[in-house]
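Position 96 of the sequence shown, counting from 1, maps to 96 under UniProt numbering, and the rest follow consecutively.
Heads up, a few of these hints could be off.
[Claimed, not checked] Listed next, with one range per pair, are the computed distances between beta-carbon atoms:
1. R121 x Q150: 33 to 43 Å
2. D152 x G48: 15 to 25 Å
3. V78 x G127: 31 to 41 Å
4. W151 x V78: 16 to 26 Å
5. D64 x L153: 36 to 46 Å
6. R154 x N80: 45 to 55 Å
7. R128 x R157: 16 to 26 Å
These are computed hints drawn from the structure, not numbers from a lab. Ideal Cβ placement from N, Cα and C applies to all residues, glycine included.
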Amino acid sequence: CEGRVEVYNGSSWGTVCDDQWDLRDARVVCRELGCGQPMAAPGHSQFGLGSGRIFLDNVQCNGDEPSLVTCRHNGWGVHNCRHVEDASVICAGAWAEEATGCPPVPIRQGSVPSFESSRARLRLAGGRNGCEGRVEVYNGSSWGTVCDDQWDLRDARVVCQELGCG
Numbered sequence: 001c002e003g004r005v006e007v008y009n010g011s012s013w014g015t016v017c018d019d020q021w022d023l024r025d026a027r028v029v030c031r032e033l034g035c036g037q038p039m040a041a042p043g044h045s046q047f048g049l050g051s052g053r054i055f056l057d058n059v060q061c062n063g064d065e066p067s068l069v070t071c072r073h074n075g076w077g078v079h080n081c082r083h084v085e086d087a088s089v090i091c092a093g094a095w096a097e098e099a100t101g102c103p104p105v106p107i108r109q110g111s112v113p114s115f116e117s118s119r120a121r122l123r124l125a126g127g128r129n130g131c132e133g134r135v136e137v138y139n140g141s142s143w144g145t146v147c148d149d150q151w152d153l154r155d156a157r158v159v160c161q162e163l164g165c166g
């Protein structure tokens with residue numbers, strides 16, 4: 001689990017500015033995602049520039065908050081930043097379904113590398129090439145992840161065939 005931090009305001013995604021960004025803030029994000037302990041809290045858009053709105057600035061977590069948005073900050077949309085200051089996290093573990101259940105919101109399109117099928121609304125995101133990564137599907141308006149409950153090799157074979165990966 002690593003990447004640029006983005007938050008959802010109920011209708012759109014926005015980035016978090018790296019002003020005062022530190023490991024306590026990353027601890028909250030890593031725990032919220034079920035990704036273990038934070039390894040680093042990089043700033044300066046280490047995982048690429050975000051786009052659109054910047055929602056949070058001067059985030060100051062204690063480290064025990066249930067969600068990043070409950071930490072102290074300037075207020076939604078109140079910032080003095082540009083996307084070159086987007087905050088990121090590097091967490092020790094991979095996303096753990098057992099810890100969090102299936103993700104409650106879709107992954108933002110464009111936030112990770114992805115490879116899309118031309119035949120179906122299916123893609124693999126975050127892998128090193130078009131034949132590995134997290135399975136995502138398109139519902140007509142946004143991309144979302146596929147929960148791994150009862151997922152097995154037969155399901156993976158269908159995805160691989162659909163994407164032309166053998």
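Evaluated hints:
no.: 1; hint: R121 x Q150: 33 to 43 Å; verdict: violated (21 Å)
no.: 2; hint: D152 x G48: 15 to 25 Å; verdict: violated (33 Å)
no.: 3; hint: V78 x G127: 31 to 41 Å; verdict: holds (36 Å)
no.: 4; hint: W151 x V78: 16 to 26 Å; verdict: violated (41 Å)
no.: 5; hint: D64 x L153: 36 to 46 Å; verdict: holds (40 Å)
no.: 6; hint: R154 x N80: 45 to 55 Å; verdict: holds (52 Å)
no.: 7; hint: R128 x R157: 16 to 26 Å; verdict: holds (20 Å)
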